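Please build the complete structure, drawing on both the sequences and the hints.
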Amino acid sequence: MSREVLALLSDLVAIDSVNPSLVPGAAGEREVAEYVRRWAVGAALSADVLDAQPSRPSVVVRGGAAEGGATLLLCGHLDTVGVSGMSDPLVPRVDGDRLYGRGAYDMKAGLAAALVACRDADRAGIAGEVVVAAVADEEHASLGVREVLDRAGADAAIVTEPTELTVAVAHKGFVWIEIEIQGRAAHGSRPHLGVDAILRAGPVLVALSDLNQRLGVRRHPRLGPGTLHASLIDGGREESTIPDRCVLTFERRTLPGETAADVERDVEDLLARCRAVDPDLVATHRTTLVREPFEVPESTPIVTEVIDAATRTLARRPDVAGVSYWADSAFIAAAGIPTVLFGPAGDGAHAEVEWASIDSTVACAETLTTVATHFCR
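Per this note's numbering, the sequence shown starts with residue 102, numbered consecutively.
FYI, nobody ran anything at the bench for these hints, they're computed from the structure.
Remember, it's a predicted structure, so these values are computed and weren't measured experimentally.
We put the CB at the ideal spot given by N, CA and C, even for glycine.
There may be inaccurate statements among the hints.
With beta-carbon atoms standing in for the labels, derived distance ranges [to be verified]:
1. V142 <-> R366: 49 to 59 Å
2. G126 <-> R104: 34 to 44 Å
3. E339 <-> V142: 53 to 63 Å
Here it is, written out as structure tokens:
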């Protein structure tokens, strides 16, 4: 299996699949989706290309008899972030146990493991079905997984994002919010005629920092506290004009049980306190994107299946923990499908040096195969 996994991962990394929503004009998922389709057909699996989004296809690969057994969904994304600053990002390079290249870690290694597990479970003659969702656009708007969930159901799911072979049962969500502070433009030599929106934003930034400190009081046992950071600031016209507008954008990472409504309420309270100090403050806010947090009980059958299978593969019980990043698992769980994350080890997600562990990718494929043949029997 090791040689097959390495060959598949190398081929996937060599295909440019940078998300064009992140890098205008980038290649997108079409070529890598076609590769996955051809690989699946060559492995005697069925493969359907979903392309409701122009030039942003996802692929649904199916293996197994689908004659009464359970259906297991394995989910991985096709797209990567950009390659700026990288040296030969699409030339897979092996150094010891590491395979270097853009997307190796995030997350073509997990996708390769899922595809091999689907093929091997099919060859084992499972009565149920393994479905691999190789989805587009996870790095931006998750268009692919939402299209797949409109067409395919499952009894349980494993998202093969890189978890370092940890069984991941929770991750944070996030909310993006813009706060717009209004001022009044005037010539810089006549400040008494204007209202400086950027200076008025200062107390709001201080209040956001204070809120971030207060968030540390509540800690999730697997994820720690919720957090907040200021992401962007925009305002002003030129050096000699009093700025009439300043927009602050911040991201709030949310814990299971926290909602966008909770975050918006905190912002409203924060602005009310700022107005109490500065009655002339004119500030509004709007939510631009929400992604829900995810959590699954450790006693859920698919979680125990993965723990048991990984224990056999690794000859030790895997760690059970949360992960720091958001993933498509939140969408899958929200669709009513019990979900867990389990994927290979490596490093360099979104960084200039990225690599995946080859041995870990093989161990992930073996674990997924064990889960699939047992769960879908």
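Results for each hint:
Distance hint check for V142 and R366: the Cβ-Cβ separation is about 51 Å, which falls inside the suggested range of 49 to 59 Å. Taken as a hint, the range 34 to 44 Å holds for the pair G126 and R104, whose Cβ atoms sit roughly 36 Å apart. Between E339 and V142 the C-beta distance comes to about 59 Å, which sits within the given range of 53 to 63 Å.
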